[in-house]
Amino acid sequence: MSDFDDAPLLRVSGLTHRYGNTIACRDVSFELYPGEVLGIVGESGSGKTTLLDCLSGRLRPSTGEVAYDVRGRGLLDIHRQLSEPERRMLMRTDWGIVLQDPREGLRMRVSAGANVGERLMAIGARHYGEIRAQAVDWMERVELDLARIDDPPSTFSGGMRQRLQIARNLVTGPRLVFMDEPTSGLDVSVQARLLDLLRRLTRELNLASIVVTHDLGVVRLLSHRLIVMRDGEVVEHGLTDRVLDDPRHPYTQLLVSSILPV
Amino acid sequence: MIRVEQLTKSFVLHNQGGVEIPVFADIDLEVTAGECLVLAGPSGVGKSTLLRSLHANYLPNQGRVFVRHREEWVDLAVAEPRTVLDARRHTVGHVSQFLRAIPRVPAIDLVAEPMLDIGIGQDEAIDRAAAVLARLNLPEALWRLPPATFSGGEQQRVNIAITFARDYPILLLDEPTASLDAGNRAVVIEMIREATANGAAVVGIFHDRDVREAVGTREFDLREARPAA
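So the sequences go chain by chain: A and B. Under the numbering used here, think of the first position of the first sequence as 124, with each following residue one higher. Under the numbering used here, think of the first position of the second sequence as 13, with each following residue one higher.
If you're looking for bench data, these hints aren't it; they were derived computationally from the structure. For clarity, every value in this text was computed on a predicted model and none was experimentally measured. You may find that some hints are simply not true.
What the hints assert, rightly or not - Label-pair distances were calculated between CB atoms; the ranges are: (1) B:Gly211 <-> A:Gly252: 41 to 51 Å; (2) A:Ser381 <-> B:Leu157: 24 to 34 Å; (3) B:Glu136 <-> A:Leu269: 27 to 37 Å; (4) A:Glu154 <-> B:Asn149: 25 to 35 Å; (5) B:Glu136 <-> A:Asp273: 34 to 44 Å; (6) A:Arg326 <-> B:Gly211: 23 to 33 Å; (7) B:Arg112 <-> A:Met212: 38 to 48 Å; (8) B:Gly211 <-> A:Gly168: 50 to 60 Å; (9) A:Asp129 <-> B:Gly211: 24 to 34 Å; (10) A:Glu154 <-> B:Asp233: 37 to 47 Å; (11) A:Ala248 <-> B:Glu83: 45 to 55 Å.
Said to hold, decoys possible - Computed from the model, here is a short list of chain B residues facing chain A with C-beta under 8 Å: (12) Leu71; (13) Gln74; (14) Arg94; (15) Leu97; (16) Ile114; (17) Val117; (18) Pro118; (19) Leu128.
Quick reminder that beta carbons are idealized off the backbone N, C-alpha and C, glycines included.
Could you build the full structure based on these sequences and the hints that come with them?
Below, the structure written as structure tokens:
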């Protein structure tokens with residue numbers, strides 16, 4: 124993170140989402156600044172995935188606002204002040220979404236290079252040589268073997284696929300990346316390297332991100348701030364190491380004390 | 013550089029029937045540039061808890077933790093997370109008792125990272141990291157290895173290097189010499205004295221009397237801050 128940027132990139136206020144009579148997440152508010160990494164933790168059913176879907180524009184919340192600093196236009200409610208095409212453009216350019224299962228975030232049958240280049244073509248890039256050069260550059264930055272650039276990700280390991288998914292998202296220079304359990308599907312030995320890569324990239328690119336996970340080890344290493352959710356509500360919110368080392372809420376205390384020692 | 017007012021801390025253990033454990037109450041402290049304040053008192057008296065409160069790792073129940081950051085007094089007890097992180101990045105260095113690092117990252121990169129964070133170039137950061145690791149007598153063969161398999165003393169030296177490769181105006185040291193041999197203890201003593209000579213304000217917990225006597229300019233005994241029963 125570089126020095127102070129005083130305008131928030133994202134401002135969430137009073138966000139609530141209901142499925143019928145069930146409240147999936149209730150009255151969530153926070154701000155995110157450029158370069159900040161926010162972790163959202165909670166067990167399955169806590170509402171963290173619904174919250175991520177609302178934040179990333181894929182689900183319209185029942186009430187409340189998700190305001191994003193749209194380039195050149197300032198903070199706008201992505202659900203109510205942007206049209207569907209504008210929202211899609213945002214997702215393809217200024218935002219990235221890294222999913223737990225890279226098969227959902229990649230096209231498995233086209234080459235690795237095309238997976239990265241596709242996002243550039245979607246925003247109008249047409250020059251083959253330039254697209255190829257950017258794909259090469261990003262394969263290198265996520266430490267993928269360039270010899271594999273013409274192979275489809277169906278031939279890649281899980282860790283390689285996740286690196287490719289990250290490259291595909293970052294090639295358009297997003298300012299905000301959403302990550303849903305980005306390391307959970309990977310072998311432990313691969314997780315550590317990927318976490319180091321994500322830390323390095325967020326620092327180099329002053330990238331803001333929101334990481335949803337149930338893994339407290341991941342948020343300890345990756346996130347600056349932490350939101351703890353239970354039954355759709357934010358029960359604790361603060362500096363990551365403060366929340367983990369001096370938890371105040373009974374549920375956070377239970378969560379932290381339940382980590383298995385190695 | 014540091015001004016603590018009316019600081020009170022207790023822990024409430026909700027999953028142990030809500031029992032409240034008071035640690036200390038109404039602490040007032042001031043540490044100026046060039047001072048090294050030694051936290052004293054028997055084990056369990058709250059020395060680490062106070063040090064962690066100064067680092068905003070623990071949240072006090074009441075009171076203020078002012079640090080001089082970017083030429084202003086910032087109260088870490090109530091500051092926004094990003095302000096706390098900015099203060100930690102630029103002003104408040106901290107050596108914990110144990111190294112906590114991303115697995116599989118080489119020692120020298122761990123030491124370089126806080127320098128990269130403030131915009132120092134890669135080459136210079138690595139050079140400075142190498143210099144401080146050499147000074148702490150960490151064998152060069154270990155620099156490119158992740159510290160997970162290092163001995164306790166080697167890990168602790170990496171931990172010290174991570175903080176001392178930078179020049180923080182405020183240093184919080186939690187038993188930095190506990191697992192070091194006499195030779196390396198002497199190196200750390202020298203580094204702390206250089207820091208205070210250069211104007212750093214230091215607060216530390218030191219198990220060894222020789223270290224306390226060599227670096228301390230003042231002592232604060234936590235027994236004076238026992239909360240009323």
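Quick rundown of the hints versus the structure:
1. Evaluation of the 41 to 51 Å hint for B:Gly211 and A:Gly252 yields a failure: the beta carbon distance comes to about 55 Å.
2. At about 32 Å, the beta-carbon gap between A:Ser381 and B:Leu157 stays in the expected band of 24 to 34 Å.
3. A hinted range of 27 to 37 Å for the beta carbons of B:Glu136 and A:Leu269 is consistent with their spacing of about 29 Å.
4. Checked against the given bound of 25 to 35 Å, the beta carbons of A:Glu154 and B:Asn149, roughly 46 Å apart, lie outside it.
5. Under the hint 34 to 44 Å, the C-beta atoms of B:Glu136 and A:Asp273, about 39 Å apart, fit the expected range.
6. Range check, A:Arg326 to B:Gly211: Cβ separation about 29 Å, and the 23 to 33 Å hint holds.
7. Separation of B:Arg112 from A:Met212 is about 41 Å and conforms to the stated range, judged on CB atoms against 38 to 48 Å.
8. Evaluation of the 50 to 60 Å hint for B:Gly211 and A:Gly168 yields a pass: the beta carbon distance comes to about 53 Å.
9. The hint said 24 to 34 Å for the Cβ distance between A:Asp129 and B:Gly211, and at roughly 30 Å that hint holds.
10. The supplied range of 37 to 47 Å is met by A:Glu154 and B:Asp233, whose beta-carbon atoms lie about 42 Å from each other.
11. For A:Ala248 paired with B:Glu83, a C-beta distance near 46 Å keeps the hint of 45 to 55 Å intact.
12. For the restraint placing B:Leu71 at the interface with chain A, the shortest Cβ-Cβ distance is roughly 6 Å, inside the 8 Å limit, so the hint holds.
13. Below 8 Å, beta-carbon pairs count as interface contacts, and B:Gln74 has none with chain A, the closest being about 14 Å; its hint is therefore violated.
14. For the restraint placing B:Arg94 at the interface with chain A, the shortest Cβ-Cβ distance is roughly 6 Å, inside the 8 Å limit, so the hint holds.
15. Restraint check, B:Leu97 versus chain A: the minimum CB separation of about 6 Å is within 8 Å; hint holds.
16. For B:Ile114, the interface hint holds, since its Cβ comes within 8 Å of a Cβ in chain A; the closest pair sits about 5 Å apart.
17. At its closest, the beta carbon of B:Val117 sits 5 Å from a beta carbon of chain A; the interface hint therefore holds under the 8 Å criterion.
18. Taken as an interface hint, B:Pro118 does not check out: its beta carbon lies about 10 Å from the nearest beta carbon of chain A, beyond 8 Å.
19. Interface restraint check for B:Leu128: the shortest CB-CB distance to chain A comes to about 7 Å, inside 8 Å, so the restraint holds.
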